[in-house]
Amino acid sequence: MPTLTVNRQEIEVADGATVLDAAKACGLEIPTLCHHRGVPSAGACRICVVEATSRGRTRLIASCAYPAEEGLVVQTESERIKRSRKMTLELLLARCPESERIQEMARELGVDTPRFKTENRNQKCIMCGLCVRVCNQVIGVGAVCFSGRGQTREVVTPYKELSDVCIGCGACAVVCPTGCIDPAEFRDKLLERIPNEFNCGFDSRRSIYVPFPQAVPNKPVIDRENCIHFRTGGCGACAQICPAGAIDYEAEDEFTEEKVGAIVVTTGYQLYNPAAYEEYGYGRYPDVVTSLEFERMVSASGPTGGNVYRPSTFEYDDDGKIVGGEKPMVCVFVKCVGSREEVKHKPYCSNICCMYTAKHTMLYEHKVHDGQAFVFYMDVRAPGKNYEQFVRRVAKEKTATYIRGRVAKIFPRNGKMVVWGADTLSGNQVEIDADLVVLAAAVVPSSGAVDLAQKLRIGYDEHEFFNEAHPKLRPVETNTAGIFLAGACQAPRDIPETVAQASGAAAKALGLVVRDEYEREPIVACVDENTCNACFNCEPVCAYGAIGEKEIRDRKGNLVKIVAEVNPGLCQGCGACAVTCRSNSIEVEGFTDAELYAEIDALVP
Amino acid sequence: MQDLTQLLRETAEDLLKRKAVGVVIGYGHTGSRGDMTAVFARTPQQVSQLALDGECYRNLAVYLNKPEVRKLGRCAIVVKGCDRRAINVLIRENQIAREDLHIIGITCEGVGDPKMQKCRFCTVHNPPDCDTVLGDPVDIEPEEGEFAAVEAFETKDIDARWNFWKEKLKDCIRCYACRQVCPLCYCKQCVVEKNIPQWVETSSHLRGNVMWNVMRAFHLTGRCIGCGECERVCPVGIPLGLLNQKLIQQVKDKFEFTSGMSADEKGPFSTFDLGLDTDDGIL
Amino acid sequence: MCTCNTATAAEDALMDVDYVPYRMRIDKVTAETPDVKTFKLVFENEEQGEAFTFKAGQFGLYSIFGYGEATFCVASSPTRKGYIECSIKCAGRVTQAFHQLNEGDIVGFRGPYGNCFPVEEMKGKNVVFVGGGIGLAPVRSVIWNVLDRREEFGDITICYGARTVADLVYKDELKQWDARDDVKTIFTVDPGGETPDWTGQVGFVPTVLGEADIPAENTVCVLCGPPIMIKFSLPVLTATHGLSKENVFTTLENRMKCGIGKCGRCNVGNLYVCKDGPVFRCSQLEELPPEF
Amino acid sequence: MEAIQTTSTADDDEQTTFEPRIVAFLCNWCSYAGADLAGTSRLGYPPNIRIVKLPCTGRVDPLFILKAFERGADMVLVSGCHPGDCHYTSGNYHARRKLPTFRSLLEFMGIDPRRFQMSWVSAAQGGKWSQVVADITALATELGPFEYFERIRDNRN
Amino acid sequence: MTDPREKLVVGAGWQEKLVDALHGDNVRVLAPVLTEGTAEFREISAAAEMATEWINTRTPVKAVLFPRTEALVEFERRPGEDVQFTAADNEAVPTVVLGARPCDLNALDVLDTVFNWDYRDKLYAERRAATTFVGVACTRSDEACFCTGMGGRADDNEGSDLFVRPMPDGGAVLEVMNERGAALAKRLDGAAPAVGTEELVPPAQVGAGPFDTEKVKEWLDTHFDDDFWTDMSLKCLGCGACSYLCPTCHCFDIVDESDWRKGQRRRNWDCCSFAQFTKHASGHNPRPEQHSRCRNRIMHKFKYFIDRFGRKACVGCGRCIRVCGAGQDLVDILAEITTAAS
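Going line by line, the protein sequences match chains A, B, C, D and E.
Final position of the first sequence in my numbering is 605; the numbers increase by one with none missing.
Final position of the second sequence in my numbering is 283; the numbers increase by one with none missing.
Final position of the third sequence in my numbering is 292; the numbers increase by one with none missing.
Final position of the fourth sequence in my numbering is 157; the numbers increase by one with none missing.
Final position of the fifth sequence in my numbering is 342; the numbers increase by one with none missing.
Source of the hints: derived by calculation from the structure; they are not laboratory data.
Among the hints, erroneous ones may be present.
What the hints assert, rightly or not - Over 12 Å on every C-beta distance to chain B, these chain C residues come out as not near it, computed from the model:
no.	residue
1	Gly92
2	Val94
3	Gln96
4	Ala97
5	Lys125
6	Asn126
7	Glu152
8	Lys184
9	Thr195
10	Trp198
11	Glu246
12	Gln284
As the list claims (entries may be wrong) - Straight-line alpha carbon distances no greater than 30 Å define the calculated BS3-like cross-link-like pairs of lysine-lysine that follow:
no.	chain 1	residue 1	chain 2	residue 2
13	E	Lys262	C	Lys28
14	B	Lys166	A	Lys455
15	B	Lys194	A	Lys550
16	C	Lys231	C	Lys275
17	A	Lys455	B	Lys188
18	E	Lys279	C	Lys37
19	C	Lys89	E	Lys262
20	C	Lys245	E	Lys279
21	E	Lys215	B	Lys170
22	A	Lys472	D	Lys53
23	B	Lys168	D	Lys53
24	A	Lys556	B	Lys170
25	E	Lys279	C	Lys275
26	A	Lys117	A	Lys160
27	A	Lys550	E	Lys217
28	C	Lys89	B	Lys188
29	C	Lys275	E	Lys217
30	B	Lys170	E	Lys217
31	C	Lys275	E	Lys215
32	A	Lys561	C	Lys231
33	E	Lys279	A	Lys561
34	B	Lys266	B	Lys166
35	B	Lys254	A	Lys561
36	B	Lys170	E	Lys122
37	C	Lys245	C	Lys184
38	E	Lys279	A	Lys556
39	C	Lys245	E	Lys217
Glycine is no exception: its CB is placed at the ideal position from the N, C-alpha and C atoms.
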């Protein structure tokens, strides 16, 4: 930990710090060009020179590269320094007169026109090599390098050809002080935009990102697949930048084991992929969107900042943010896409579409005042509190025209999406030239629901929604003790229902875990100690590890024999052990041999 | 064989003298008729009763379950390969500990004259994991397929099968000799003795006889090692071995399992294998 | 063994038996302890009921159709006509089924079989009744038989014990006997089996029997209970109280199927417990092979 | 559980007089619930089936099957959760080993294996349940009365 | 051997005539029929079905009078009604048993004793009264036979109603032993009084010498507790084959077998070798070990039965030796006891 003096101020800095770091720690500003926090310095541009005195000798040094030595005395402001910087800038300005950055710096130092002239004026590159360093030393790829010497020196790709070495990360462009690099010169294919899943892929996100604004915990995560550090071992920019030192590339996904008394399963739903309706063209035509995609668009925190645009006309900024587009003047909403379709799709009603579609038409009207909305529907189902009134309001305010019928085909024509449908009330065929078509796709369980159900040993139906223990009497419980359900993982549910069910599940779970003593199920197996052979064939059959050994001792404590024993706390009463027991020494309470015998006996008179 | 008898007697005498075992369970020609039956040599003097020859068809492993025999102390037992398999099942089912046994294996070319059927497809001529082995290693190819008898029976149509078994089982007198002679029927309470409820009727009529014989066979699924003792002792000549053989075939074909080949195996009904098990025949 | 029996036996001798029981209706069920119930059975056929006689100590085979037969002594006194009572402890298939029955249900009864306690021989003598647990049932038959003819007997002592207070059977009758001036009662429960309001003794039957005041002269004893109790009570009766083994009577409870000396199950040596017993003098038992 | 009797359309006299008796052992969580669903969904199926509810198909002892035949069942059905869906993790896997093996033993004994059926019917498959029952009832009717045990039912000796 | 009341000679083919005559009177005829290497008593419709060469039947003739299972009581429970029960229909069928062996017929005396000694077993007694036994002298024996050891003979006519001594030409000398035999003999057309010089097939030579059963009993009287029992029982596996096939063993069990509506109370053979035989519902077992059960079997045959009824309960048919899966040999056991006794 060397201590040095900067502008008469003593400061202790970390080992390996540069003079620039020390100055910054003292709150002093030193101009830089070829320096970047995340890239090893080279002292190439010499804008950052300062005076350093050591062992009685004072020199100009490049502060960005010069190590902060013990006892060094640094002066950041002096005429000598100013002269040096002015000279440097004069030279740079002569080389790059068009560079805004150089111009700006020159102005600050009072350089107006350079005294020098160069042949190949109007370059932007100042040959600082920051891009080369970042590519070589940070990204670890080496896709750009210097070529030539002196006047002919330039930054190029090897052999000046587009190469596969470049991963198209764009780091060079980011660090370039003069903004003179276009990564497209290095590689034909740039790093793909990472679609922002939360915004249905309309905009993009970085490889370190907060999943969505209300995420819990509200902390960034690294997307390993796309992160350059994980791809090349380089970069690490985020770690260098993070003031809290919170980035830890070594951190691994962990499996943590928790013992819990209850589990509430709330894995929610996803939308049925309407691409299954080939005639609607979802996935082929960007202006055919799902209701969720529309929902993101109308969200103030969404990809379009709450503006409704036709996705085919999205305008992006350099960061991949949507900054504009064409407003859809005719918007068609199609309900029951995948729902209530016995044959090919889902036979059930998705429950929430009627209401959110009504809401969507209203939001659409708010966003596009003079827009025209049409809704194709089968029925309007609005059985909740105030739901019917809401739908009536939509109809009354004419925010949308409701057409009772199904849509037969959607296809593009002259920049519009043509919607062919039927109005079954009038019996007419309908054709609408729409700008945007919103499909209210069916609600389906989250992918992985079956895997989870099999892990948890809970039942699920043919649509993979989890089964409640009883549809009327035990709607939030599963058949597996201690596992509860809430929300759309059980069936399509809207928010009030989900909240009510979640409250119920939470209350049930709490009711279970707050007790000091538990009641176990009465249906458990028990072993007849007298007849047990201790063959322990039952043991591997038990899925719960409920079978153990019991020592039978006589009054004097001598071991008489060992028999199998069922731990009634673990036993779930399936009875597999009872069948494995050849001597029928295991009985399952409630399903004893005697009871079953009597049942069989009485069944066939 | 004579020299083997001598070797056996020497081994037994040594074990008894050293008090390494309390009893040597072996074969011997006993009584006036000279049948080859079980001999329990408990003193060095008694080893002269022991003998070995081609009539050692009994499976002596059954005696390991008898409390009266176990009372005599650590057992040395003379086994053929097939009997050795029965001991493996007993060990795997916790009925006896390997360390409580001194196993005297005899290599075997097959017993009985003519050779018993089980010997014709035997693959365990040399009993594995024995403490003492008597006899030279035997290398004989099976004379017939293991399931020749089963396959032959299965050429009958379904009604003929039932008529066959009906006639056979009608004669069952419920003496339970099949159960008592089976080394693997060691239950303290046989399913037929459980009377709450009485699943298996005890009267010797066809209804109870079918239940008894089917359940006896089924309780041996994945356990029976095919020693054939049940069939040998049946006083009314029911071909019980055929039922057992059918189930041996089933577990071999379906679950790739052969009982008694090791003491560490798990019985096919104590486990399952998602790679093997199928939904064949299930709606 | 007892002379009073020979008459019955002679009457029955060479009677044809087809194993069809009397048809009995359950008149009353009394829960004695958690696992013992007393059943009062009356004959469905009144003629049979009137003709029916038995002696204290005799047994019968009680059956429930579909479950089978089980052997129990008749626990009521032969002096009380028109019904029989039996106390059944829930143990096996038949007894479990009995415990499921209600008043009004039909059961079967074959009997009476076996010999009896020599009540006539006891006349004029002091009688000590020693019972343990459910073993009081056969003793009770004799007790009421004797009490109903109280004047014909000398001192009467009833010593009865059970594991716990809950396990005492015939609780009402214990009170009745206790209340009588002409009967000496000693009731006891095993240590640990007493309740706070238990006024009887605490200790095993042989122990309290040893401390009791029992006349040595002209005394006979009826002893019935678990084998372990009999084993330890016998020396107390003979050594401490000076009774002769000839004068101590007990009943054997071997497993029986036919009850009439055919099925071979109850054989002890050359005796058929069902014919030559179930009542034996303790001196007789000593000569039998120990297979009961 | 509600089973709505489907009207028999058989025009053959013999067929209409024979109503097979089918004993079904159902696991509580899947097939029993499936049968329940069939009832609450008003799906009809033949009333020939008599149900014994068990916790799991793993509880089905071959004794039950034989006893049912002995008592006069013309067919026995064991139905449970689909593999992987067992409420008790693996009960149906054990049943899937044990019971088909038992069936092959029955077949070897000369008992038509079609008289012992197994099915996987989940709690949500009310329709499948109704179909399974219809199918096996038709099969049982076709197979006719199972007389092996009937004949020896009151066998004296 | 008992003196017959009358001796008759019949020519070859006499069985056919007898069987036909009996069938004409609706009498059931049982005779040994060969089945898979052994003979069994079966109802025959013609004498030709009868075995000609057999040593003894697998099942003893006791099964005719005391079947291995029989119904005692029939009961039925109708919904809402009390249970109804009646004696099972066990009407004895007039029967003639042809070809019973002397040892088996000797054994009937044991059964007669037990089933009649105090109470009379109605089922047994009625069957006994309706059955006529035609004994036949043994002309062959095997090494398990030891009737001679028990005081019997291959041509012992004791126990027969009619006794047959075969002649080489297929004819026979018939000895009428009692009225039942006489009634049967009356049906034989062409029977002539025997002269006493008829050539007979020589009776079988049975190897076993007579046992001194009194000596055996003496030893048994005093050796209830003896290591002998432990030693001899080690081999025994505790099955019931020997008892079930023993012509004198008569232990039985009574069980109810029923479905929920109706059923029967049945009497089945039982066996004192079974561990459960004497076991109480409480779990107590007076004979908990195999040696006590083996001892009981020997004691019962050679001591208890003699003490009680004055005769031994063994006739030397050798079935127990033939069927024993463990190779247990009663002759050897008796020999050992005799040796020990001397």
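Non-conforming hints, listed in increasing numerical order: Violated hints (numbers, rising): 1, 2, 3, 4, 14, 17, 21, 23, 24, 27, 30, 34 and 35; every other hint is consistent with the structure.
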